[in-house]
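Residue numbers (this note's numbering), protein chains in the order written: chain A, 1 to 394; chain B, 1001 to 1394; chain C, 2001 to 2128; chain D, 3001 to 3128.
Do not take every clue at face value.
Claimed, not checked - If we take Cβ atoms under 10 Å as the criterion, some of the chain A residues that face chain D in the derived model are:
{"hint": "1", "residue": "THR65"}
{"hint": "2", "residue": "PRO66"}
{"hint": "3", "residue": "SER67"}
{"hint": "4", "residue": "PRO336"}
{"hint": "5", "residue": "ALA379"}
{"hint": "6", "residue": "ILE384"}
In case anyone wonders, no lab produced these hints; they're calculated from the structure. For clarity, every value in this text was computed on a predicted model and none was experimentally measured. Positions of the beta carbon are idealized from the N, C-alpha and C atoms, including for glycine.
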Amino acid sequence: MENAPVYLDHAASTPVRPRVAEAMCECLGPLGAQANPSSAHAEGRRAGAVVLRAREAVARLVGATPSSILFTSGATESDNLAVLGAARAGRDRGRHVVTSRTEHRAVLDACRQLEREGFEVTWLHPDAGGRIPPELVAGALREDTVLVTIMHANNETGVVNDVAGIAAACRGLGVTLHVDAAQTAGRIPLDVVDLGADLVAFTAHKLGGPKGVGALYVRDRPRPALQPIAFGGGQERGLRPGTLATHQLLGFGLACDIAAAELEQEAERVAGLRERLWEALRPVGHAWRNGGDGPRVPGILNAGFAGVEGESLLLALAGDVLASSGSACSSASAEPSYVLRALGLSDLACQASLRLSLGWSTTAAEVDRAAAAIRRAVARLRSIAPARATERVA
Amino acid sequence: MENAPVYLDHAASTPVRPRVAEAMCECLGPLGAQANPSSAHAEGRRAGAVVLRAREAVARLVGATPSSILFTSGATESDNLAVLGAARAGRDRGRHVVTSRTEHRAVLDACRQLEREGFEVTWLHPDAGGRIPPELVAGALREDTVLVTIMHANNETGVVNDVAGIAAACRGLGVTLHVDAAQTAGRIPLDVVDLGADLVAFTAHKLGGPKGVGALYVRDRPRPALQPIAFGGGQERGLRPGTLATHQLLGFGLACDIAAAELEQEAERVAGLRERLWEALRPVGHAWRNGGDGPRVPGILNAGFAGVEGESLLLALAGDVLASSGSACSSASAEPSYVLRALGLSDLACQASLRLSLGWSTTAAEVDRAAAAIRRAVARLRSIAPARATERVA
Amino acid sequence: MTGADPYSPRVRELFAAAPRAGSLGPGSGRVRWGEAMALERGAWVRFEVRVEAGVVVEARFRAWGCPHVLAASALAAERLEGWAPGAAPGLDAATLSAELGVPAEKLGRLLVVEDAVTALAAAAAPAD
Amino acid sequence: MTGADPYSPRVRELFAAAPRAGSLGPGSGRVRWGEAMALERGAWVRFEVRVEAGVVVEARFRAWGCPHVLAASALAAERLEGWAPGAAPGLDAATLSAELGVPAEKLGRLLVVEDAVTALAAAAAPAD
Ligand SMILES: Cc1ncc(COP(=O)(O)O)c(C=O)c1O
Ligand SMILES: Cc1ncc(COP(=O)(O)O)c(C=O)c1O
């Protein structure tokens, strides 16, 4: 693997932890839990017990009770169930929703759908550091606000919002607070009670688990009103129907257990690697970090290189480093990142930016190799660019 | 495995085919396709290529073009997207929906949700054989009908509807036809063009693939209007957002390939085993088959045993045979099967019925072992029941 | 949610052994029976007892229904031995269900067991 | 959908080699340049040519933008050699994009390359 490109795209998806993959394989094998976990017979109950343990593991990682964890197909679905579900359930009380411009598209697009359904959405702008200050949320609340949805950490910049502060602003006002924690669960300590949110979205594939499975925390007491987005079957307390995917949940739960066991030590290690990467990149000159100071997840370095365009940088790096210029789902589009634009960056600066995201599989040697490759690629692209392009960064 | 109970619950979920499990494990391993299939870099594209091949395999199995296959988390989600999505998209043209009493709960409950949203639903009753005759559908159509949703084969009785006939009744009337084919894909020849449906729901875990992944066929030309039930990310033509689960899709695709290669031979083999089972059960006396004559899937035998109650029969069999008295998702509830009731069976007859479902893993030796165990258990329970219970079957 | 065993060990044991299932054979004393049926609830239960000197010396049950109904009937039959008709049998649904750990959604069915006990109590009551 | 390579082999080749990237060195003949910039579209392109006896004998480009912009600029620079200013250069966005297999959503960016060629053509046009 010495010559394989360095994978610095953990924010898009983490490789599955080997122990997780192994356990999932066993579950898929002839002696695995193959029956439908809703079946009443012994094999069904055995699968059901796997589901139960997974629910407990997810709950443990985030300080929740098992009964408050609903399984979904990923954070996209969790976000939709939370945003559409809470707003629709509250539409008789009010039709105002508060969110931010830097949410993941799952939240943004769900909010746009709410607008089509007659809701009014307040789109908050982050401060220059990329954060949504609690005061800003407090100022946006109205009598008819039914839902506030603000992400825990942003998937492009890694900056962490003061969710507890936002929760305090919402408290007692009958507002449901949803938090997209896809980028934080398993990466930084996260306790749903401390967060104070009513709904929190998670996904397995950002914390060493498989793709295609996630969870929504739904606070127990008081339980926020939630209208399902799909119906039938009665699974997950009638809020999320469909046969539960035993092997997927097993992998999710085990990944949570591993993440929980290594959380603080890994957070420190990965943050150290991120700083090592940044220090190794700075000598290239005319480089900056997006997202300012303040709390951020350990694994994301969003850096700009004047005179360089992100997509070309990625292609120049292709044999050496795998990364993204924005979020994976928008990486195919030619649009500059809406998240960086919302931070107030110029077009040039947005397009000169690269998201390098580290995680459990990242080593110091990889960081050094990646940094050297990035320095070379930046220098080469600058030598091709118009001379003034390197100077022109807002 | 000589003493393991015989698994006769393929209609609830099939065991994953060993080759499918193996390929999925490889995909989850260190050299697998671990990146986000939406990522633009080489690893992302490699994952994307896996997704593409899976899409082609699913399409091939059902005679569709790859671009008409959307991936989902299972048939429950596919049904919801189809039913809610087509009706909501058509609500300006009309608010009438036609379905049947014997649909899967994913369709039933989605239709009930449409009723809450102001749609009027016509709930058709099956004939005594459990089928919805095309004439019945034709008679229910109105000027304002926007959606007809009728399943291909029923998951409790296995009876197959004349979907082509139903499609003919709908043709030219601007009605979208959705078909839940969870129980037929990979089990009997199925060609979406021959079916003539606009939307068809599939799930991997009924055809030897993994749980938690499915598909919705959306006809290409003309393309039915469909409003998504979740938003964000832009995946699957904007109709179904969320990171695609590469390993799951790989498993789904491979299971489709295997099913396609063995389709006719397996259908014959499994139907033969089903008849062998029935012939071996008949000597117990006072036994009948639910679902009458006519086309049915090979793997489902729904049989009644006078004087016996289904749940007790299942428990008496627990060490020998794993089966269900109804669908898996309702097996925990104490309600008699709504499907059998819709067929006109008495309470006693409904509750005396057992669904024995066979599939790729079932052998003749297993069938013989299961039949012997069932005969014993029926005899034992009859010896406990009030003497007249065995005679009183409507 | 999923995963829990719906049957307590006691239910499994009574279901598997079904002690006192069947009918009374010929013998001395008075034989009395009580029956209740609610097919829509999925239960049909019959008790037979042999009464000697004002006390049940032998009890049998027959039952059609789910494992909880069968187990509750077996338990009731066991308790009926030694019971003196005329006294309250104390075998109501709540008591049986508590002892057997029956899930709430099955309570309706245990009422049928209770009804059969009640019918038996009426049939066995000493003529005064 | 997913899985397809967004870059044609020709784009990859031109991007990797970037022939004619940079500026002209000192030499004989007339040097002319043309530039276009559309930062919001993510492209900034500059061409320099050396004209001798009414014909471009040497061309260079500089470009800031995505791989398609860089590849199109390199291709245009190659084609500019041998071009006689005054004649139409024939290097519009549609031509370049067809030759390179550029996806539709990138066409706006190739217009910037075309604009830079147009600016060059104006600057290099023989004074009459
Ligand atoms: C912040 C955030 N929310 C939601 C999602 C969507 O999660 P999933 O891929 O599980 O649908 C992602 C990543 O894709 C994310 O980073
Ligand atoms: C007819 C039918 N439709 C839908 C479903 C739901 O499929 P899934 O388990 O993939 O959600 C099933 C089985 O569970 C089924 O048998």
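Status of each hint after checking the structure:
1. THR65: Check failed: Cβ of THR65(A) comes no nearer than 38 Å to chain D, outside 10 Å.
2. PRO66: Result: violated, 35 Å to nearest chain D Cβ.
3. SER67: Violated: closest Cβ of chain D sits about 37 Å from SER67(A), beyond 10 Å.
4. PRO336: Hint holds; PRO336(A) Cβ to chain D Cβ min 7 Å, cut 10 Å.
5. ALA379: Violated, about 13 Å.
6. ILE384: holds (4 Å)
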